[in-house]
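Q: Each residue of the sequence shown is one higher than the last, beginning at 1 in the working numbering.
Keep in mind the hints are simulated off the structure, nothing from the lab.
Note that the coordinates shown come from a computational prediction; the quantities given were computed from them, not determined experimentally.
Hints may be right or wrong, so weigh each one.
Claimed, not checked - In silico BS3-like cross-links for lysine-lysine, where the CA-CA straight-line distance does not exceed 30 Å:
#, residue 1, residue 2
1, K237, K247
2, K330, K395
3, K115, K189
4, K189, K137
5, K247, K137
6, K478, K189
7, K406, K330
8, K330, K189
9, K247, K395
10, K478, K137
11, K330, K237
12, K238, K330
13, K115, K406
14, K137, K406
15, K406, K395
16, K395, K478
17, K237, K137
Unchecked claim - With beta-carbon atoms standing in for the labels, derived distance ranges:
#, residue 1, residue 2, range
18, T402, V449, 30 to 40 Å
19, G185, Q448, 20 to 30 Å
20, E306, Q448, 24 to 34 Å
21, D471, P91, 18 to 28 Å
22, A314, S234, 30 to 40 Å
23, P317, P136, 37 to 47 Å
24, L195, S154, 44 to 54 Å
25, G289, G185, 46 to 56 Å
26, S405, L173, 37 to 47 Å
Think of the CB as a built atom: it goes at the ideal place given N, C-alpha and C, for glycine as much as any other residue.
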Amino acid sequence: MADVAETPEIGLPIDSKEAVVVEEEKDIEQTKSEDADADEHKNGDVGASGTEPAPEPEAKPGPEADNPPKHPPLAIIEGKVSDSSGEEAVPIDFVTMGMFIIDDIDFIPPTPPVKDILGGAGTYSALGARLFSPPPKSASVGWIVDQGSDFPPSLSTLIDSWSTSALFRHDGLRLTTRGWNGYEGTTEKRAFRYLTPKKRLTAQDLTPSLLKSRSFHLICSPNRCRDLVSEITSLRKKVMAPETYTKPIFIWEPVPDLCTPDELLNCTNCLPLVDICSPNHAELAGFMGDSGLDPETGEISTIAVERACEQLLASMPLQSFSLVIRAGEKGCYIAKNGGRKRGRDPKTTKRRKKDYVRGGLQPDTDMEALFAGLLQDADGIVAREEIEVDPGVEKWVPAYHTDPSKVVDPTGGGNTFLGGLGVALARGESLEDAVACATVAASFAIEQVGVPTIGRDAEGREAWNGHNVEDRLREFRKRL
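Take these sequences, add in the hints, and give me the full structure.
A: The structure is reproduced here in structure tokens:
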């Protein structure tokens, strides 16, 4: 880890090649929340269905609320990879707003429990982007790691080995966010609960370099999604020159607790603001008031997924919207409706004056002749505006692993999928090619408990679980 220096001021988070310590002027626990979303727990929906936590209640102010204790300095250590000239070597391609969580997992006996596992939606989505970013591109992956007083040094070492642009924030007055994963009830349904208070991220937590990212992963409710898009966009414009400003790619992962029919309208209001909306099959079905399962087999219903996507996109205006539905062992479904753009005369954008027809319409009025006359040019030719139509996409992409025994623990598969998707889109891949990258990324996350192991293959290339990521991607594309 880098050495820690002192600085007396704080505004936006400081962008520095060195580690810095800043005085935290706002309360450590973010309480800006008007909706009860339980966001940022990792999602295990690629390879198997996962569950998300219930919302945590807001803490009520105590008697000391009027005179809150002053917090000591908050250590902020930002990982950077620089070239010899001191310039930032790699621009940020991907940033996740998901939380960092340390997991304890209780498996169904006789499998023994495991403790202190790297987890959280932020961790797994960063992993998905990192899989396709060997050094020096690894520095293009940005995320925030909030470390409490109990943070295990072994996890710091593990995160450092990824060589990402992770922003470490150490607060000795709180515990690291921890979660319990296990199985409850006779149906052995997957369950999750927080063991310590969670620390959710806001747009104000992003440093200038992170705000310049080409893509952002949001995991939240519809209402909070709108707020985050607005806040990130506003702050991004402040740290980028007008001539260099570009609109980033927003990938929205809805939290399951608010995937209900009551939230469907809020969901549709979010679609114009994001580039990709990616619920899993159960969350999509929740918006429609359905189970999303085949009533006869109890398995994921591909028909239900297709029907729900069709209904959702049919409610939107004629513009291109993209849904990527993660459906466990069924793979994922891409649904993109056909948008359109009208061609314009490059010589002028002046609006044509309206032609008014006098007199009322009669039952025998020839409508075609009437309007054709209005559209004829001086040569008597009917001028029609050219319309370029995107036919859209409706396509199933299979899961990478066809052998169920290869899926050891689905925890984090969905988040890893979206990290791979986001970084691929940020680097110019088409939606279908990016989904292939995402599928391969998820395959590495579900092969073991926790995160995959990084190393080198026989040729000296970076390998995860002994496999080169690009080799696996080429092999997968041959199946498609």
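Q: Confirm or reject each hint.
A: Checked hints:
Proposed proximity of K237 and K247 is supported: the alpha carbons are some 10 Å apart, at most 30 Å. Straight-line distance between C-alpha atoms of K330 and K395 comes to about 12 Å, which keeps the hinted pair within the 30 Å bound. Between the alpha carbons of K115 and K189 the distance comes to roughly 20 Å, so the proposed pair stays at or under 30 Å and holds. In summary, the hint linking K189 to K137 is not supported, as the alpha carbons are separated by about 39 Å, beyond the 30 Å threshold.
For the proposed pair K247 and K137, the alpha carbon gap of about 21 Å is at most 30 Å, so the pair holds. Taking the CA atoms of K478 and K189, the gap is about 36 Å. The hint is violated against a cut of 30 Å. A C-alpha spacing of about 15 Å is found between K406 and K330, which places the hinted pair at or below 30 Å, so the restraint holds. Restraint check: the Cα-Cα separation between K330 and K189 comes to about 20 Å, which is no more than 30 Å; the hinted pair holds.
A C-alpha spacing of about 27 Å is found between K247 and K395, which places the hinted pair at or below 30 Å, so the restraint holds. Our distance criterion of 30 Å between C-alpha atoms is met by K478 and K137, whose separation comes to about 26 Å. As the CA atoms of K330 and K237 are separated by approximately 40 Å, the hinted pair breaks the 30 Å bound. This hinted pair does not check out: K238 and K330 have alpha carbons roughly 43 Å apart, beyond 30 Å.
Proximity of K115 to K406 is assessed by CA-CA distance (about 22 Å); at most 30 Å being required, the pair is judged to hold. Note on K137 and K406: the hinted pairing holds, with a Cα-Cα distance of about 29 Å set against a maximum of 30 Å. Distance restraint check for K406 and K395: the Cα-Cα separation of roughly 25 Å lies within the 30 Å cut-off, and the hinted pair is therefore satisfied. Distance hint between K395 and K478 is fulfilled; the C-alpha atoms sit about 16 Å from each other, no more than 30 Å.
Of the supplied pair hints, the one linking K237 and K137 holds, its CA atoms being roughly 25 Å apart against a limit of 30 Å. Our hint of 30 to 40 Å for T402 and V449 is violated, since their Cβ atoms are close to 21 Å apart. At about 26 Å, the beta-carbon gap between G185 and Q448 stays in the expected band of 20 to 30 Å. With their beta carbons about 32 Å apart, E306 and Q448 fall inside the hinted range of 24 to 34 Å.
Distance hint for D471 and P91: a CB-CB separation of about 26 Å, consistent with the stated range 18 to 28 Å. In this structure the supplied range 30 to 40 Å holds for A314 paired with S234, their Cβ-Cβ distance being about 32 Å. Checked against the hint of 37 to 47 Å, the C-beta distance between P317 and P136 comes to roughly 42 Å, which is consistent with it. In this structure the hint that L195 and S154 lie 44 to 54 Å apart at CB is violated, the actual value being about 19 Å.
At about 23 Å, the CB distance of G289 to G185 disagrees with the hint of 46 to 56 Å. For the pair S405 and L173, the beta carbons lie near 45 Å from each other, so the given range of 37 to 47 Å is met.
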